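> All chains, full assembly: derive it from the sequences and hints.
First to last, the protein sequences are chains W and D. Note that the first sequence covers residues 14 to 574 in the working numbering. Note that the second sequence covers residues 14 to 574 in the working numbering.
It is worth saying that the hints were derived from the structure and are not from the lab. One thing to keep in mind: the hints can contain errors.
Copies of the same chain look alike in the list, so a pair counts if it fits in one copy or across any two.
Using 20 Å as the maximum straight-line C-alpha spacing, the simulated SDA-like pairs for lysine to any residue come out as follows [claimed, not checked]:
#: 1; residue 1: Lys467; residue 2: Asp138
#: 2; residue 1: Lys248; residue 2: Glu307
#: 3; residue 1: Lys515; residue 2: Glu485
#: 4; residue 1: Lys515; residue 2: Ala36
Since we're looking at a predicted model, the values are computed, not measured.
Protein chains: 2
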Amino acid sequence: MTVHPAHTRIEIGDLAVPFTRVALTNGETFDRYCTSGPGSDPEVGLAPLRAGWIEERGDVTSYDGRETQLLDNGRSAVRRGAARGEWRGERRRPRRGRNVTQMAYARAGMVTEEMRYVAVREGCDVELVRSEVAAGRAIIPANVNHPESEPMIIGRRFLVKVNANIGNSAVTSSIAEEVDKLTHAITWGADTVMDLSTGEDIHTTREWIIRNSPVPIGTVPIYQALEKVNGEADKLSWEVFRDTVIEQCEQGVDYMTIHAGVLLRYVPLTAQRVTGIVSRGGSIMAGWCLAHHEENFLYTHFDELCEIFRQYDVSFSLGDGLRPGATADANDEAQLAELRTLAELTTRAWEHDVQVMVEGPGHVPLNLVEENVRLQQEWCHGAPFYTLGPLATDIAPGYDHITSAIGAATIAMHGTAMLCYVTPKEHLGLPNRDDVKTGVITYKLAAHSADVAKGHPGARDWDDALSRARFEFRWRDQFALSLDPVTAESFHDETLPAENAKTAHFCSMCGPKFCSMRISQDVRERFGSDLSAEDAALGMKEKSAEFLELGASVYVEPSAG
Amino acid sequence: MTVHPAHTRIEIGDLAVPFTRVALTNGETFDRYCTSGPGSDPEVGLAPLRAGWIEERGDVTSYDGRETQLLDNGRSAVRRGAARGEWRGERRRPRRGRNVTQMAYARAGMVTEEMRYVAVREGCDVELVRSEVAAGRAIIPANVNHPESEPMIIGRRFLVKVNANIGNSAVTSSIAEEVDKLTHAITWGADTVMDLSTGEDIHTTREWIIRNSPVPIGTVPIYQALEKVNGEADKLSWEVFRDTVIEQCEQGVDYMTIHAGVLLRYVPLTAQRVTGIVSRGGSIMAGWCLAHHEENFLYTHFDELCEIFRQYDVSFSLGDGLRPGATADANDEAQLAELRTLAELTTRAWEHDVQVMVEGPGHVPLNLVEENVRLQQEWCHGAPFYTLGPLATDIAPGYDHITSAIGAATIAMHGTAMLCYVTPKEHLGLPNRDDVKTGVITYKLAAHSADVAKGHPGARDWDDALSRARFEFRWRDQFALSLDPVTAESFHDETLPAENAKTAHFCSMCGPKFCSMRISQDVRERFGSDLSAEDAALGMKEKSAEFLELGASVYVEPSAG
Numbered sequence: 014m015t016v017h018p019a020h021t022r023i024e025i026g027d028l029a030v031p032f033t034r035v036a037l038t039n040g041e042t043f044d045r046y047c048t049s050g051p052g053s054d055p056e057v058g059l060a061p062l063r064a065g066w067i068e069e070r071g072d073v074t075s076y077d078g079r080e081t082q083l084l085d086n087g088r089s090a091v092r093r094g095a096a097r098g099e100w101r102g103e104r105r106r107p108r109r110g111r112n113v114t115q116m117a118y119a120r121a122g123m124v125t126e127e128m129r130y131v132a133v134r135e136g137c138d139v140e141l142v143r144s145e146v147a148a149g150r151a152i153i154p155a156n157v158n159h160p161e162s163e164p165m166i167i168g169r170r171f172l173v174k175v176n177a178n179i180g181n182s183a184v185t186s187s188i189a190e191e192v193d194k195l196t197h198a199i200t201w202g203a204d205t206v207m208d209l210s211t212g213e214d215i216h217t218t219r220e221w222i223i224r225n226s227p228v229p230i231g232t233v234p235i236y237q238a239l240e241k242v243n244g245e246a247d248k249l250s251w252e253v254f255r256d257t258v259i260e261q262c263e264q265g266v267d268y269m270t271i272h273a274g275v276l277l278r279y280v281p282l283t284a285q286r287v288t289g290i291v292s293r294g295g296s297i298m299a300g301w302c303l304a305h306h307e308e309n310f311l312y313t314h315f316d317e318l319c320e321i322f323r324q325y326d327v328s329f330s331l332g333d334g335l336r337p338g339a340t341a342d343a344n345d346e347a348q349l350a351e352l353r354t355l356a357e358l359t360t361r362a363w364e365h366d367v368q369v370m371v372e373g374p375g376h377v378p379l380n381l382v383e384e385n386v387r388l389q390q391e392w393c394h395g396a397p398f399y400t401l402g403p404l405a406t407d408i409a410p411g412y413d414h415i416t417s418a419i420g421a422a423t424i425a426m427h428g429t430a431m432l433c434y435v436t437p438k439e440h441l442g443l444p445n446r447d448d449v450k451t452g453v454i455t456y457k458l459a460a461h462s463a464d465v466a467k468g469h470p471g472a473r474d475w476d477d478a479l480s481r482a483r484f485e486f487r488w489r490d491q492f493a494l495s496l497d498p499v500t501a502e503s504f505h506d507e508t509l510p511a512e513n514a515k516t517a518h519f520c521s522m523c524g525p526k527f528c529s530m531r532i533s534q535d536v537r538e539r540f541g542s543d544l545s546a547e548d549a550a551l552g553m554k555e556k557s558a559e560f561l562e563l564g565a566s567v568y569v570e571p572s573a574g
Numbered sequence: 014m015t016v017h018p019a020h021t022r023i024e025i026g027d028l029a030v031p032f033t034r035v036a037l038t039n040g041e042t043f044d045r046y047c048t049s050g051p052g053s054d055p056e057v058g059l060a061p062l063r064a065g066w067i068e069e070r071g072d073v074t075s076y077d078g079r080e081t082q083l084l085d086n087g088r089s090a091v092r093r094g095a096a097r098g099e100w101r102g103e104r105r106r107p108r109r110g111r112n113v114t115q116m117a118y119a120r121a122g123m124v125t126e127e128m129r130y131v132a133v134r135e136g137c138d139v140e141l142v143r144s145e146v147a148a149g150r151a152i153i154p155a156n157v158n159h160p161e162s163e164p165m166i167i168g169r170r171f172l173v174k175v176n177a178n179i180g181n182s183a184v185t186s187s188i189a190e191e192v193d194k195l196t197h198a199i200t201w202g203a204d205t206v207m208d209l210s211t212g213e214d215i216h217t218t219r220e221w222i223i224r225n226s227p228v229p230i231g232t233v234p235i236y237q238a239l240e241k242v243n244g245e246a247d248k249l250s251w252e253v254f255r256d257t258v259i260e261q262c263e264q265g266v267d268y269m270t271i272h273a274g275v276l277l278r279y280v281p282l283t284a285q286r287v288t289g290i291v292s293r294g295g296s297i298m299a300g301w302c303l304a305h306h307e308e309n310f311l312y313t314h315f316d317e318l319c320e321i322f323r324q325y326d327v328s329f330s331l332g333d334g335l336r337p338g339a340t341a342d343a344n345d346e347a348q349l350a351e352l353r354t355l356a357e358l359t360t361r362a363w364e365h366d367v368q369v370m371v372e373g374p375g376h377v378p379l380n381l382v383e384e385n386v387r388l389q390q391e392w393c394h395g396a397p398f399y400t401l402g403p404l405a406t407d408i409a410p411g412y413d414h415i416t417s418a419i420g421a422a423t424i425a426m427h428g429t430a431m432l433c434y435v436t437p438k439e440h441l442g443l444p445n446r447d448d449v450k451t452g453v454i455t456y457k458l459a460a461h462s463a464d465v466a467k468g469h470p471g472a473r474d475w476d477d478a479l480s481r482a483r484f485e486f487r488w489r490d491q492f493a494l495s496l497d498p499v500t501a502e503s504f505h506d507e508t509l510p511a512e513n514a515k516t517a518h519f520c521s522m523c524g525p526k527f528c529s530m531r532i533s534q535d536v537r538e539r540f541g542s543d544l545s546a547e548d549a550a551l552g553m554k555e556k557s558a559e560f561l562e563l564g565a566s567v568y569v570e571p572s573a574g
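The structure is reproduced here in structure tokens:
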């Protein structure tokens with residue numbers, strides 16, 4: 014049986030930072046960035062890693078917080094007159110006059126434990142972390158009420174990150190199922206997880222997810238707010254929304270998608286599109302604007318929102334409610350008008366020391382992908398870009414993890430900091446556990462392709478380690494170094510199940526009698542690895558004789574057994 | 014049940030050209046390029062569509078051809094003293110002094126039926142076809158001994174094509190299985206198929222495949238030649254190889270991979286690579302060169318090879334035997350030295366009026382992808398580029414259809430004419446039927462993404478038709494327009510199996526009560542599709558009242574039932 018990677022922690026002073034340590038059969042080890050956390054009993058939750066750090070800064074205080082209401086868990090909880098599976102974490106807020114955001118600390122020149130932790134994970138200098146956060150070019154989403162989280166950073170100078178969406182809907186699923194999806198997503202490499210629940214027990218599901226999550230949790234609070242007004246967008250109000258945001262801030266949500274760029278005057282720009290408005294949040298706000306003929310309350314109350322986010326160090330994910338839902342609509346007036354507004358809001362949030370990332374499309378033909386990230390980076394002063402794909406074509410429902418991985422790798426190569434995964438079920442249905450895994454693995458490989466293309470320090474080491482294992486027929490190492498060792502090994506075993514085939518110097522493509530890898534190993538053995546082409550040409554006549562003498566065989570007999 | 018697309022033929026004068034006609038529920042139809050052919054009984058084979066055209070040109074004659082030998086079917090046929098399932102197609106060759114290649118015709122200003130057929134399939138002017146073939150910038154692989162083929166074209170001015178590899182190995186499979194894989198591959202969209210068999214019954218398997226194939230068939234004849242010399246590369250000779258090539262030309266192989274660029278002096282350039290030589294053909298020739306200390310016989314006999322290819326109109330696929338097998342080795346000296354030689358050979362083949370495409374990598378980080386096609390196009394005077402992926406990262410065995418689709422879409426966008434698919438089993442095992450389908454669909458979407466990115470005339474029509482169906486909740490049309498209608502429908506049904514959910518104006522992502530698509534349809538209905546932003550802003554107050562009056566509902570009740 015193949016030895017699968019072990020999770021380990023590297024002790025740096027007082028910090029224990031997680032890595033996945035792959036022990037190779039040649040005695041070497043290879044350490045990979047690890048998202049899975051230490052593992053938790055869902056009923057108990059994770060230990061609050063950051064609680065001590067937060068306490069020690071002495072700038073927050075516990076308080077009772079908002080009282081949970083039945084409606085927080087949806088209309089059926091109201092009907093039942095009771096909620097299910099309630100759980101209440103500790104609520105913290107800043108002491109008067111204190112600003113507890115990582116951005117505020119960074120701007121004040123302070124290096125937090127979160128920044129040190131991130132620097133170890135990323136293998137970079139902590140000053141890079143601090144200065145990028147201070148400049149707004151990176152964020153560390155870390156709500157003071159989510160002390161269970163292992164700090165991570167989102168920014169173009171750092172490893173490209175991947176978000177996985179989970180969440181129940183009116184149609185399906187249970188709390189336990191969603192916690193299981195969370196665990197599954199981070200096991201396979203999700204760097205953040207968004208809980209997009211719209212069904213029953215929204216509040217409680219979120220609490221369970223946060224208490225069990227070592228990665229930052231994002232939400233789209235307008236979804237819950239809409240549930241609270243019986244799904245009628247015109248009944249939404251700033252007050253209902255504000256209350257919902259506070260509810261979620263207190264639970265520990267690390268970043269929230271806010272569709273404050275869907276302005277009244279932009280809505281008609283979508284009328285001529287092939288697919289209009291496809292963002293749920295965008296269409297909710299468009300519906301509200303139209304019904305009231307008023308400006309989007311998320312826009313008009315944006316500074317108040319900043320004040321709330323600042324209390325808990327919640328980061329903005331400025332939603333692209335007018336993103337294109339078809340390649341035909343890419344980079345159009347509606348999309349770019351909204352992006353201009355998101356740029357304005359980025360600056361406003363920064364005035365409050367609130368961290369910001371900006372969301373991006375969607376569906377974009379490959380030739381228009383780079384322009385998306387270029388404009389966003391220019392207009393938004395380098396705030397991290399967080400894109401959904403984009404899908405490079407619309408013709409392959411059922412394979413949109415792939416159509417979008419193509420766009421995602423490309424946009425990340427050009428500077429997108431985080432990619433929101435797309436599963437094979439996109440446009441068709443709700444992702445199950447397997448879809449979550451497929452989506453995460455697909456996006457991890459897209460993100461890593463971008464890291465390699467950007468020449469990110471150390472990124473290609475992983476490729477090289479795997480390729481060397483491949484070249485040297487260290488099959489077990491090849492599996493262990495794979496993004497998905499289980500699948501790699503099972504595919505190998507389908508053709509060559511025997512245990513000794515995993516140590517054999519051949520594979521099923523050429524069979525045991527001929528192997529191209531083997532020949533080039535012969536080339537290397539005969540010419541050495543330090544030979545110039547000229548030396549080689551001169552010395553080749555002798556080598557040729559030697560080669561023939563040694564058997565000249567391109568047949569390699571399988572290992573005994 | 015969803016109505017699946019029907020295969021149809023468009024009659025243009027005396028030509029009946031195949032299309033996949035999708036009948037939409039709104040009464041429209043959408044025609045797609047179709048590769049599946051009319052369907053055949055494997056025991057009987059396809060009708061020889063091109064036989065009449067070839068006869069009418071009056072420049073070929075039937076002859077007996079080379080006698081089939083037992084060794085053609087491998088050493089076990091020799092042991093048995095008999096071959097299995099023999100089948101012999103008609104053998105044609107040119108009358109004395111005639112040149113029957115499409116390139117020769119094109120250069121002579123002649124428009125063949127093959128060119129006219131291709132022009133209808135591509136929806137372009139036939140003069141574009143003729144002139145591109147004449148210039149060597151496109152090829153129509155169409156061996157006179159494969160009259161069953163439906164002509165197609167490979168070139169950067171045309172739709173990006175996809176090749177699927179099939180073939181048995183020493184480890185597995187039967188003739189029937191390979192014919193079934195062929196049918197499966199073209200059903201899902203493979204534009205050409207390469208038979209890479211190395212196991213038993215090579216000759217006969219190939220004959221069955223060709224007689225049943227409406228798409229061009231490619232091979233790598235060195236594989237069979239190696240079998241004939243008991244797998245010992247140093248025993249290979251020009252004579253054995255030449256005889257094998259003639260055997261395959263007479264059977265009707267349309268293009269052959271020839272590793273004539275693996276020169277003796279380039280072999281040592283691979284010694285310092287992470288993964289040396291990974292091409293089978295490349296390593297066979299490298300092994301031969303080293304054993305004999307002689308120049309590659311494919312290079313020294315290249316003009317003779319051109320003369321043979323010219324007889325049957327077989328196209329060269331100049332193999333990249335030194336392609337990188339790891340991202341670390343991309344665009345290195347060995348790879349580019351070989352490409353220079355392939356450029357030289359391209360020109361030499363053209364002197365014989367023989368059609369040529371040039372093969373490319375492999376494993377290439379995204380930032381180096383464009384350079385590959387740019388250099389190939391420059392050095393090889395625009396001869397079509399035919400690449401294997403490339404894989405953008407090495408870390409995801411089991412998902413290399415995806416790591417490579419990322420590179421494939423990118424390289425095709427920059428001008429690669431045909432993409433060789435990669436299946437999920439790459440590096441791990443032999444693809445089964447399902448892997449063939451996954452590989453083909455993945456590459457079709459990559460190729461189409463490139464067509465869209467290139468602004469290929471009409472390419473985006475397909476995306477737009479599907480997106481319109483999606484926006485208008487024409488679920489059945491969305492399925493039918495998908496690259497894989499079966500998977501799209503089954504994914505939808507997993508969440509919402511009820512028949513009426515396929516006509517409902519909602520989907521499982523938001524559930525029946527809220528739907529963003531529905532809202533933007535409301536926007537369109539209320540503002541019309543010809544409204545400017547200014548008009549809209551002015552008129553919006555009234556519209557707002559109207560909207561509220563009409564219910565202002567973002568809830569949409571599910572269709573009855």
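> Each hint: holds or not?
Here is what the structure says about each hint:
| no. | hint | result |
| --- | --- | --- |
| 1 | Lys467 with Asp138 | within (18 Å within a copy, 42 Å between copies) |
| 2 | Lys248 with Glu307 | within (13 Å within a copy, 84 Å between copies) |
| 3 | Lys515 with Glu485 | within (12 Å within a copy, 52 Å between copies) |
| 4 | Lys515 with Ala36 | within (16 Å within a copy, 51 Å between copies) |
Going through the hint list in order, the structure satisfies each hint without exception.
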